[in-house]
Each structure stands twice: as structure tokens, then as C-alpha cells.
Amino acid sequence: MTESQLAQHPLLPWLALQNTQGIGPVRALQLYQTLGEHWYRDQLLAQTKLNASQITALQTAHFDLLEAILKWQTALHQRHVIVWSSPDYPPQLKAIPASPLILFVEGDLSVLSAAQLAVVGSRHPSYVGKENTQRLIPPLVEAGAVITSGLALGVDGLSHQSALAAKGKSIAVLGSGLANIYPKRHTTLAARLLEAQGALVSECYPWAKPLAHHFPRRNRIISGLSLGVLLIEAAERSGSLITARYALEQGREVFAVPGAWQNPLATGCNQLIQQGAKLVLEASDVLEELSAFSVSNVKILRASAEQLLPYPELLDNVGLEVTALDIIADRCQQPVQDVLIRLVELELAGWVASVPGGYVRARRG
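At position 68 of the sequence shown (counting the first as 1) the number is 68 in the UniProt record's numbering, and the numbers step up by one without a gap.
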């Protein structure tokens, strides 16, 4: 592409806007909305309160940067660069304050405008956190939700995997450029999302490294794309709580799965519920708040009269937190060997699960 062709490229003014010091997304969009699409012309910029160095920067042609972006975009099929004014820009995200000026997307562009639910949580979830993620996501996918998350270790990655296992679509929003998948171990997972007609999204330039300050900004995109945010295990100081805060600021629904107060991974979720987030026990708790999803296919299973609890005195002493065998036996006041035999029967029937350190109650059915 010649320099004269590059000079006419519609992305060029947005690159200048994004690379001008002292102009963030909010002010940049105000500038665009006030002056229109030709905001970078001399006579229009003179009407603003920008200083001389900012005006000079806005009129700087970033040809090298533009060529690098176009080289990345054309190297593979289904790579997209979307500016805020583009008709392809997801309307849900466009409605938030400080929405990104430029989005880099790989995958199915249409999925960005689908009804999405963000699912986030701990990078080191407990057994219960993992089980809740795998249990809640399939009926949400069945109801029509695209699952959006951050491709991180723990709940993020598990939520993407659960969506794919349920034959659904998923969107990963990265805190790095799309040429630098982070974490590296999720490179295969990212490829699977694309194969399932999902998408990878970032506001970072494709070659950008995963820097610490990228991730809080990434979280506002996760919530901004979605109708609501579901938190599954979050400690008191957690990046997931940043996503929840953004969701509240953006007018999105916030959902949280409760946990035992002794579990530090449940502290963040429990506090959100105290502050007004909706408590979630089943997928229907989310779906009834979000009319964008069809709930006609979601079947809420209820116990029938035939599903009487076996060994109820034993099951009463096995909760959702890990309980050691000797503690269960002590609570039941039964010999350890007898309790172990019954726990094996219950595990085979799907009532409990054996985990490191003891047993937990399983979500049978």
C-alpha cells in the first residue's frame, strides 16, 4: 500500500487519537461526537481546548503503526480491526463510558453482538468452585447465552471449556495482544474457541505483552460486552471484583454464587450479595433476570418422591466444603470402616465425591 493510500485509511485518525498524550477514551469520544468524523481537520481542532502539542500529535500520521496492524490483520482469515464508529462495533460495549476506541478481533465478528453473560472468578478455585462453574454454564448456554470471560487460569478458563463442552460459543477478552496469547497454556483453548465460532478480543495492539495495567482495563470490556456478570468464587481482594465494580458502573446485572463464610475464596461473592448482587444457586436465578435469553429450554430438575436420600444421617454431615473421613465418622458416631463403605456407595450413586482431604456433597442430577 502506497503512502498516499495509507494517508486515506480510515484507521489512521483513530490511531492518532489513541496515541495522543492526555486524551483518554472518554475525552476522545467527546471530541469525535462534538466535531464529527472529520475532527482532525485544522479548523475544527482550533475550536477545542486542546493545547498545541496535542493538536500536533492528533495530526501526526502513524504510518508505521498502521502498516504493522494491517500486516497482522491480513496474515490470517477472520482478523478484524474495528473502530468505535464502525457499524460492526458491538452496541452493548459502545454504550459504556470509556469504551475502547479500537478493538482487535479474531474469529466470528457477529458473536460480539450476541447476548452474552460474563463469568469470572478465582484463578485457584476450590473443588466446589470448579463444580459450580461446570454445573451452571450448560443450562445458560442452552438458553442462548454466549459465555464471555478473560481466558485466565481457574474459573475463566473453566467457563470457556464448559461453554464449549455444552456446544456453545464463547468470547475471550485478553489483557495482551492477540499475537501473544496469555497464559501460554491456554493457546490451545483459544484455538478451540475460534473453531467453535467464538472470538478473541483485545484493545491492545496485536504484539503487546501481557502487562499488569492491561488487565483492569480488560475487565471493563468483559463486563461491557455482557448483559450481566456472574462471579464464581472471589477473594476479598480479587480482580474479579474489579469486573463486578465495572458492571455496576455500566448498569449491568451482577450475580454471585455464595459460599461458606470460613472459605476465603467466598468472601468477595458473599460481600457482593450483601451489597445487593443477586444470589445464584441455579442457572434459572440468572436467566429470570435477563430477558434477552430464552428460558424455554431450561429444565429445572426437582427431586421426585422416589429420590429419597440414602443414609441421610451420613449425608447431613457431608457438605459443600471438604470434610475428612474421620470427622464424618465422628459426627455420625459410627465406625470409620462402616462410614467408608457407605461413602463408597454414595459416591457410586452420585451423592458425594471423593476429593483430596476427604469428601464433598455432589450435585446429583
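Simulated from the structure, these hints should not be mistaken for lab results.
One should not assume that every hint holds.
Unchecked claim - Calculated lysine-lysine pairs in the DSBU-like style (CA-CA distance at most 30 Å, straight line):
| no. | residue 1 | residue 2 |
| --- | --- | --- |
| 1 | K130 | K167 |
| 2 | K49 | K130 |
| 3 | K167 | K278 |
| 4 | K94 | K278 |
| 5 | K278 | K130 |
Going down the list of hints, with the structure as the test:
no.	hint	in the structure
1	K130 x K167	19 Å, holds
2	K49 x K130	52 Å, violated
3	K167 x K278	27 Å, holds
4	K94 x K278	25 Å, holds
5	K278 x K130	20 Å, holds
Violated hint for the displayed structure: number 2, the only one.
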